[in-house]
Amino acid sequence: MVAGPERRDHRYIADQFNPWQQQHYFDDRRADRAYRRGRYGRHRGHGRLQRSRDNRMIAGVAGGLAARLGRDVTVVRIVLVLFGLVSGFGAAVYVLAWLFLPVEGSTETIGARALSDRQGITIVLALIPALVVILLVASALHANFVSSWGTPLLVSAAGLVLVARNADEDERAFLVNSVKALLQLGSESRQSRRSFIARLGAGVVLFALGVFVISDGALSRSWLRPVVGTLLIVAGTVVLLGPWWFRLALDLVHERQARIRAEERADMAARVHDSVLQTLALIQRSADHPQEVAKLARAQERELRSWLFEGRAPGSFGAEGAATLSAGVEQIEREVEAAHGVAVDAVTVGDAPLDDELRALLEAGREATVNAAKWSGANSVSIYVEAEPKRVSMFVRDRGAGFDSDAIAGDRQGIAESIRGRMQRHGGTAVIRSVPGEGTEVELSVPRRPGRP
Amino acid sequence: MTPTGVPTVFLVDDHHLFRAGVRSELGDAVDVVGEADEVPAAIELISERLPDVVLLDVHMPGGGGKAVIEAIKPAYPGVKFLALSVSDAPEDVIGVIRAGARGYVTKTISGPELIDAVLRVAGGDAVFSSRLAGFVLDAFASMPTDVEPLGPFDPELDQLSPREREVLRLIARGYTYKEIARELTISIKTVESHVSAVLRKLQLSTRHQLTRWATERRLI
Numbered sequence: 001m002v003a004g005p006e007r008r009d010h011r012y013i014a015d016q017f018n019p020w021q022q023q024h025y026f027d028d029r030r031a032d033r034a035y036r037r038g039r040y041g042r043h044r045g046h047g048r049l050q051r052s053r054d055n056r057m058i059a060g061v062a063g064g065l066a067a068r069l070g071r072d073v074t075v076v077r078i079v080l081v082l083f084g085l086v087s088g089f090g091a092a093v094y095v096l097a098w099l100f101l102p103v104e105g106s107t108e109t110i111g112a113r114a115l116s117d118r119q120g121i122t123i124v125l126a127l128i129p130a131l132v133v134i135l136l137v138a139s140a141l142h143a144n145f146v147s148s149w150g151t152p153l154l155v156s157a158a159g160l161v162l163v164a165r166n167a168d169e170d171e172r173a174f175l176v177n178s179v180k181a182l183l184q185l186g187s188e189s190r191q192s193r194r195s196f197i198a199r200l201g202a203g204v205v206l207f208a209l210g211v212f213v214i215s216d217g218a219l220s221r222s223w224l225r226p227v228v229g230t231l232l233i234v235a236g237t238v239v240l241l242g243p244w245w246f247r248l249a250l251d252l253v254h255e256r257q258a259r260i261r262a263e264e265r266a267d268m269a270a271r272v273h274d275s276v277l278q279t280l281a282l283i284q285r286s287a288d289h290p291q292e293v294a295k296l297a298r299a300q301e302r303e304l305r306s307w308l309f310e311g312r313a314p315g316s317f318g319a320e321g322a323a324t325l326s327a328g329v330e331q332i333e334r335e336v337e338a339a340h341g342v343a344v345d346a347v348t349v350g351d352a353p354l355d356d357e358l359r360a361l362l363e364a365g366r367e368a369t370v371n372a373a374k375w376s377g378a379n380s381v382s383i384y385v386e387a388e389p390k391r392v393s394m395f396v397r398d399r400g401a402g403f404d405s406d407a408i409a410g411d412r413q414g415i416a417e418s419i420r421g422r423m424q425r426h427g428g429t430a431v432i433r434s435v436p437g438e439g440t441e442v443e444l445s446v447p448r449r450p451g452r453p
Numbered sequence: 001m002t003p004t005g006v007p008t009v010f011l012v013d014d015h016h017l018f019r020a021g022v023r024s025e026l027g028d029a030v031d032v033v034g035e036a037d038e039v040p041a042a043i044e045l046i047s048e049r050l051p052d053v054v055l056l057d058v059h060m061p062g063g064g065g066k067a068v069i070e071a072i073k074p075a076y077p078g079v080k081f082l083a084l085s086v087s088d089a090p091e092d093v094i095g096v097i098r099a100g101a102r103g104y105v106t107k108t109i110s111g112p113e114l115i116d117a118v119l120r121v122a123g124g125d126a127v128f129s130s131r132l133a134g135f136v137l138d139a140f141a142s143m144p145t146d147v148e149p150l151g152p153f154d155p156e157l158d159q160l161s162p163r164e165r166e167v168l169r170l171i172a173r174g175y176t177y178k179e180i181a182r183e184l185t186i187s188i189k190t191v192e193s194h195v196s197a198v199l200r201k202l203q204l205s206t207r208h209q210l211t212r213w214a215t216e217r218r219l220i
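Chains A and B, in that order, are what the protein sequence lines are.
Following our numbering, the residues of the first sequence are numbered contiguously, the last one being 453.
Following our numbering, the residues of the second sequence are numbered contiguously, the last one being 220.
Just so you know, these hints were derived from the structure itself, not from any lab.
A virtual CB, placed ideally from N, CA and C, is assigned to each residue, including glycine.
Worth double-checking, as some hints may not be accurate.
[To be verified] Straight-line alpha carbon distances no greater than 25 Å define the calculated SDA-like cross-link-like pairs of lysine to any residue that follow:
{"hint": "1", "chain 1": "B", "residue 1": "K189", "chain 2": "B", "residue 2": "H16"}
{"hint": "2", "chain 1": "B", "residue 1": "K189", "chain 2": "B", "residue 2": "E113"}
{"hint": "3", "chain 1": "A", "residue 1": "K295", "chain 2": "B", "residue 2": "D116"}
{"hint": "4", "chain 1": "A", "residue 1": "K295", "chain 2": "B", "residue 2": "L17"}
{"hint": "5", "chain 1": "B", "residue 1": "K178", "chain 2": "A", "residue 2": "N379"}
{"hint": "6", "chain 1": "B", "residue 1": "K189", "chain 2": "B", "residue 2": "D116"}
{"hint": "7", "chain 1": "A", "residue 1": "K295", "chain 2": "B", "residue 2": "H16"}
[To be verified] Have a look at the derived ranges for each label pair, beta carbon to beta carbon:
{"hint": "8", "chain 1": "B", "residue 1": "P40", "chain 2": "A", "residue 2": "E388", "range": "50 to 58 Å"}
{"hint": "9", "chain 1": "B", "residue 1": "G5", "chain 2": "A", "residue 2": "L175", "range": "26 to 34 Å"}
{"hint": "10", "chain 1": "B", "residue 1": "G62", "chain 2": "A", "residue 2": "A126", "range": "44 to 52 Å"}
{"hint": "11", "chain 1": "B", "residue 1": "P40", "chain 2": "A", "residue 2": "A266", "range": "21 to 29 Å"}
{"hint": "12", "chain 1": "B", "residue 1": "G62", "chain 2": "A", "residue 2": "L175", "range": "31 to 39 Å"}
{"hint": "13", "chain 1": "A", "residue 1": "A126", "chain 2": "B", "residue 2": "T185", "range": "51 to 59 Å"}
{"hint": "14", "chain 1": "A", "residue 1": "E388", "chain 2": "B", "residue 2": "S47", "range": "39 to 47 Å"}
{"hint": "15", "chain 1": "B", "residue 1": "Q203", "chain 2": "A", "residue 2": "D54", "range": "28 to 36 Å"}
{"hint": "16", "chain 1": "B", "residue 1": "T190", "chain 2": "A", "residue 2": "L280", "range": "44 to 52 Å"}
{"hint": "17", "chain 1": "A", "residue 1": "R53", "chain 2": "B", "residue 2": "G63", "range": "17 to 25 Å"}
{"hint": "18", "chain 1": "B", "residue 1": "G5", "chain 2": "A", "residue 2": "R433", "range": "36 to 44 Å"}
{"hint": "19", "chain 1": "A", "residue 1": "E335", "chain 2": "B", "residue 2": "T185", "range": "31 to 39 Å"}
{"hint": "20", "chain 1": "A", "residue 1": "I121", "chain 2": "B", "residue 2": "S47", "range": "37 to 45 Å"}
Bound-form chain B, shown alone:
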């Protein structure tokens, strides 16, 4: 955080027009401490400036956002990542989340929503777009009643609770956290903790189906 209390943000995207657009949209709500247009430069600058949040593109030459996260995450666990992409390819999105991003939003997100997402990630929460919620439901849905689990099955990690499923469904339907809280008559904090729990499962589950699902989707 800067002395004024706004989070510091680093931008990684190989399209400079896009970086300029995001920068102007973020405005004074955050402090943009740097940007990079390729993976090695991003890794170097991020480990030098240690921003609160890295906004990064999923698709980039040289390994994409996933490579940046994998290089920074082990050494600087305090740096948080928010993936920003036009990619709707589920295996890219799931890949970058599993590498350690705290959320995924599409590039068509509006300015205020983007600021909200950055602040949320800076505060330690997870950010799910409706599309990511759909991917997660899809990945965890084809299971587990009809398919015999391959390998060790950990119900704690490999299955969503009914409540988490409900929350994800509402996110996929376009509800905000506030609206979800009202709909389910729970607090916003509870909604946030459900979403964080889903993020954790998504990152830690070793279920074979998760990878198989992503590959199958790619081949459509």
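Chain A with its partners taken away, still in its complex shape:
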């Protein structure tokens, strides 16, 4: 995009010196536009029409169309809405696009997945008799309006059923949230319920008036009929659904912001990984060569500083105190490694917010880890923590000297008892297994309080 205007500017300056070539400037501008069209054309050549992930109100069809046509997305949206109002087929086309266009960055469409959704297809087939009944009733009543809207509405409904059943997690969440928001419209406080009823009344009246004007022609001038009718229908729809749309748009904005934040964080994690973690791994391997270690550490420090001075926030992970089981385990890992120079390898499965029992478990586990680091002589300690629905267990294992459980020295006995005692006070258990020459494993376990997540 930038290449075009820049090129033009250079040419423009050159043209200043040669008035005879002024015409070329305009030619060049045309060429520029053609060039830009060409860009889109090429884009069209290998990029399929896709639904936009970032630029979406409902399914991202307008955003995708806008990107492909090189038009402003608002214009595309307005055209789509008008198309939808003039004939119900607009809505149907939109839903079908939702089904059959892949979302950005994916090749699979929801429609492809829907093919194997036998139950969904059954529901859709069940809609056909409903359509037939509606059309029969409409033709009996001479209500052309109903019969012209019935088919597209049912196609849309069928499409939405398939989308709702087969969409990705996040699109499904979006659908569920919008339906929830719609249901909540009338059921908040008394005052909002009253205003809801008022709004409902006004909306329905406006809508009905619009339908009446279009279909029956109460106005004498025929050209006014569709205009006034459409305006009334639009006004009715806005009064009825406006707050809902507003809430949806707000949700979308929040969701977009959250995704941008998450992407930023992932990007930062990747950078930290590429530099810091790699260097740390190298330092661990070169532990026998102090000079090498110092060199690596200095280089890494320089790199990290220059990165931080670029103005990027250093990130918040790890900044808060341990509020969850896994954060607590990480804290033990860090502290024991720093204090005793022993590698601690922790694996956590599942997670839970900390309560008194889990804090006791972590304290006992820390003591067992420090023990292993101090006494076993092993250069690494493994911690394994698993949070299950009914209980949380923690295993601390070393491959060090081990000891004979029957002939434990006095101080060891004390440590073992303090671990056991702490666990028992909180309704848990502690089992210490040790084989001389093979190492020690401490198994701690507490039941989880019922009613806690």
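Given chain A, work out where chain B should sit, using these hints.
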């Protein structure tokens, strides 16, 4: 295999210091037939030299280890991959395993353990580090009693057997295969077959939860 019976190994990592370190640690136990520091070069050289085992970094510019596996695996199914990474990001690890790696070990692994892992992969077994075992337990644990499965649920692929769970737990606790065999009074071969079965499930399960779990973990 070389005539002397040691497996041939190819190294892919974008840090040359690290490659040099691994090379010296592997020593004579294997025959290092080449190395590469980027994805396209790795793909070209591996398809030319066809090593027994490719030791590869998960994180690299140009698609990472996953891209290498995806390019080589279909054409040369005989080449086996062992992922070696400092990355503890579960979605990276699970991604490279699902692409077809036979195992994952962290870069802080000791020399003898690394040799053992390479020989194991060369012999057709799977290699699980304690961390990978934890990831797998985590991914398969949040299931399936309380959550209604989305899409078709295949108990054969989408669930770990109690025995497999037990074996994984012991790996996560830092046990070696030998110690697991002793603990559960089964043979080492049986332990290996359990681990291979888990690897297969991890690669073939289409469960939505597996991907959702990985994305959720990334956002912590």
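Below or equal to 25 Å on CA atoms is what counts here, so check K295 (chain A) against D116 (chain B). 31 Å, violated
Given the hint that K295 (chain A) pairs with H16 (chain B), does the C-alpha gap stay at or below 25 Å? 16 Å, holds
Go ahead and decide if the range 44 to 52 Å is satisfied by the Cβ distance of G62 (chain B) to A126 (chain A). 50 Å, holds
Between G62 (chain B) and L175 (chain A), is the Cβ distance one that fits in 31 to 39 Å? 37 Å, holds
Is the hinted range of 17 to 25 Å satisfied by the C-beta distance from R53 (chain A) to G63 (chain B)? 20 Å, holds
Is 51 to 59 Å respected by the C-beta to C-beta distance linking A126 (chain A) and T185 (chain B)? 57 Å, holds
When you take the CB atoms of Q203 (chain B) and D54 (chain A), is the distance between them in 28 to 36 Å? 32 Å, holds
I want to verify a distance hint. Is the separation of the beta carbons of P40 (chain B) and E388 (chain A) within 50 to 58 Å? 45 Å, violated
Pairwise beta carbon distance, T190 (chain B) to L280 (chain A), judged against the given window 44 to 52 Å: Check failed, 37 Å falls outside 44 to 52 Å.
Has the given pair, K189 (chain B) with E113 (chain B), been kept, meaning a C-alpha gap of at most 25 Å? Distance of about 18 Å is within 25 Å: holds.
Cβ distance range 36 to 44 Å for G5 (chain B) and R433 (chain A), holds or violated: 39 Å, holds
For a C-alpha distance cap of 25 Å, please report whether K189 (chain B) and D116 (chain B) respect it. Holds. K189 (chain B) to D116 (chain B) sits at ~15 Å (cutoff 25 Å).
Checked against the numbered hints given earlier, this structure breaks hints 1, 3, 8, 9, 16; the rest are met.
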